[in-house]
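Chains as they are written, first to last, in our numbering: chain A, 1 to 382; chain B, 1 to 382.
Hints in this document: simulated from the structure, not taken from any laboratory.
Even glycine gets a Cβ: it sits at the ideal position worked out from N, Cα and C.
Incorrect hints may have been included.
[Said to hold, decoys possible] Short derived list, chain B residues pointing at chain A, Cβ under 8 Å:
{"id": "1", "residue": "I9"}
{"id": "2", "residue": "L21"}
{"id": "3", "residue": "P26"}
{"id": "4", "residue": "H30"}
{"id": "5", "residue": "G65"}
{"id": "6", "residue": "P199"}
{"id": "7", "residue": "P220"}
{"id": "8", "residue": "Q332"}
[To be verified] To give an idea of the interface, some chain A residues facing chain B are shown, with a C-beta separation under 8 Å as derived from the structure:
{"id": "9", "residue": "L7"}
{"id": "10", "residue": "P12"}
{"id": "11", "residue": "V15"}
{"id": "12", "residue": "L21"}
{"id": "13", "residue": "M27"}
{"id": "14", "residue": "G32"}
{"id": "15", "residue": "G101"}
{"id": "16", "residue": "G200"}
{"id": "17", "residue": "Q246"}
Now for the letters of each chain:
There are 2 protein chains.
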Amino acid sequence: MDEKQLLMIPGPTPVPQSVLLAGAKPMINHRGPEFAALLAEVTAGLKRVFQTDHDVFILTASGTGGLEAAIVNVLSPGDLVLSVSIGVFGDRFATIAKTFGAKVESLNFEWGQAVDPEKLRARLAADKKKDIKAVLVTHNETSTGVANDLSTIGPVVREHGALLLVDGISSLLAMDCQTDAWSLDVVVAGSQKAFMIPPGLAFIAISDRAWAAMAGAKMPRFYWDLKKAKDYLERGQTPWTPAVPQFFQLREALKILEAEGLQACFARHARLAAAVRAGVGALGLKLFADPAHASNAVTSVKKPDGIEVSALRKLMLQKYGVVLAGGQQQLQNEIFRIGHLGYVSEPEIIATLGALGLALRELGSKVDSWAGVAAAVGSLGG
Amino acid sequence: MDEKQLLMIPGPTPVPQSVLLAGAKPMINHRGPEFAALLAEVTAGLKRVFQTDHDVFILTASGTGGLEAAIVNVLSPGDLVLSVSIGVFGDRFATIAKTFGAKVESLNFEWGQAVDPEKLRARLAADKKKDIKAVLVTHNETSTGVANDLSTIGPVVREHGALLLVDGISSLLAMDCQTDAWSLDVVVAGSQKAFMIPPGLAFIAISDRAWAAMAGAKMPRFYWDLKKAKDYLERGQTPWTPAVPQFFQLREALKILEAEGLQACFARHARLAAAVRAGVGALGLKLFADPAHASNAVTSVKKPDGIEVSALRKLMLQKYGVVLAGGQQQLQNEIFRIGHLGYVSEPEIIATLGALGLALRELGSKVDSWAGVAAAVGSLGG
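Modelling step: build the complete structure from the supplied sequences, incorporating the hints.
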């Protein structure tokens, strides 16, 4: 029997029942009229989510495939790229660029901190010859639970003239991302995050400036070729057979999200994130992320004194059915992470903090088991 | 309301209800123990389907992504590749190789015909210096309805020493594919064909010789990097977030297929294909494919005299709910195609041929409407 679980990781996130079942519809011809109507509808919905009037394409791939698409469509081998990284996913974006032959210069910030836009501005200002062709940045760094301020970073990069490529895989819908207003040239998102649908699709928004760069971009591309995606979209198709169930699910999820409204969706994520942070703090735990830049999608928590992260996660899973994420790479045993994006409710946040309090006590902490619940309830308000 | 349809195209194919619903299970942590068990189970099942003791990996992508993975993992820019093409998908495989910098020599055969293994043998025998690093071949050419004889081609290529890369996207399970016994080095398949699950996954089998080539292969790869896939598989994970619903569905479909047995599955496809060919012939229509090499997955039919393919497909869809595929590229108005792979029953074959007879009459043919049904029933036997 499958055990009931509370999936509190930063993706895959829980999926509403109506969205799960939308994926169980019979298959259709991906080159027929029903799919064309579906593709048009979800593409229009995505443009509203990305807050863009430009192109958005849907790729059958994980989010990382979307990052690869971002790189190979607009760059050439030898191009100088400035990677502005604050964690695992920022580093991954840079590695992809390197893999395809870009010269990557790193402007890294301490894990747990956000990008300092002034340092970025200074580096770009020093590039008098405009050698830097693109800047890579992560909107929400899932590995550290830090959100970067794209409303500042976007204009800083535009002032220089480089393309700004954004990993928004875990940020879209969990936080405001104004693709056009903030001058973001390429933005990549993933289906299994705040979109409330299973993994299998990546979304990619492309500005007119990115299209212009694409004409001269020489990195090899076939599966990720967005020119092909555009040609096929005009006929109501995707170049390659799409993951049809996730397209059905995207339509259903977008209906739910449009009924809620973008601003309400952002506010919901902010409210839940604040409750988690309050609860975690009340349990005597410390946030890993700089509180000034803590993410509304995922909260990173430092290892409790005297308790192994692996033991805590195991107890949470086996006794309480709460699935938490560990740390990645050098943070593996240093932090754990609570995802609170997508289809997560206030009672589930409370349940998670209750289980966390109980588990901490069982593992030797002297904390009041229910202190996290009380603080989260206070944060959520009446 | 969604209209009832008989989806008779060569993918996406109809999905059994139990498989559809298996995809509607709640999400799980893709880095947790349940997914590790699932991944181990379906990987073992795929090895039996591919008839290989070597590695098989599951990629979150369309089949074309699997083809790109095949190319970029084992080749270097400048490598000489022999493309043995008999249609659209063979040409696509060659285009991918060219896109990533291979020198591609084409050994093409007329569309509707299969590869002549003796011509392939002669070309390889002339390559005394062993310049040809890989041979690309399509097992089942979906665009023309022709199956190549890999049991002959495999040993011919092995004798030369080049790697043999096989597009088996629409062939696996619809026809015998003995990866190890026939010396196939890389075989790619797609989920939405005879596997009876929705699109979203590509499967790729890799021989030891292909692994050896991979060590020196210099084409850039990140998302498709099979070395990463192998490292993660050893920990029960995929490098990137997998399309979890399709993994659940693959487990369910493999259970159904294992209960049937591989040989019975091939025989079922052969029986349905023969019935379709008999029925089409009895309706006075001509096969596009050389009958000696006609595919057991899809039947290509020449445009009926005096009837437009588009008009026929439209009437079949709108009046009878039967979805047929058109031709591709230069065959667009020359043929239509009937898919009969995966979850397709004998009564559905009969229904399709009945609708086809009625539609032909309505469009002016003098044929006996039910001649196709009678011939198919005769072919299927008692």
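Hint check results:
1. I9: holds (6 Å)
2. L21: holds (6 Å)
3. P26: holds (7 Å)
4. H30: Constraint on H30/B satisfied, holds at 6 Å.
5. G65: holds (5 Å)
6. P199: It holds, given that the least Cβ distance between P199/B and chain A is near 4 Å, below 8 Å.
7. P220: holds (5 Å)
8. Q332: Status violated, d = 11 Å.
9. L7: Because about 6 Å separates L7/A from the closest Cβ in chain B, which is inside the 8 Å limit, the hint holds.
10. P12: holds (4 Å)
11. V15: With a closest approach of 6 Å, the V15/A hint holds.
12. L21: Holds. Min distance 6 Å.
13. M27: This hint holds: M27/A lies near chain B, its Cβ roughly 4 Å from the closest one there, short of 8 Å.
14. G32: Result: holds, 7 Å to nearest chain B Cβ.
15. G101: Holds. Min distance 7 Å.
16. G200: The hint holds - G200/A has a Cβ within 8 Å of chain B, the shortest such distance being about 4 Å.
17. Q246: Q246/A check passes; min Cβ-Cβ to chain B is 7 Å, inside 8 Å.
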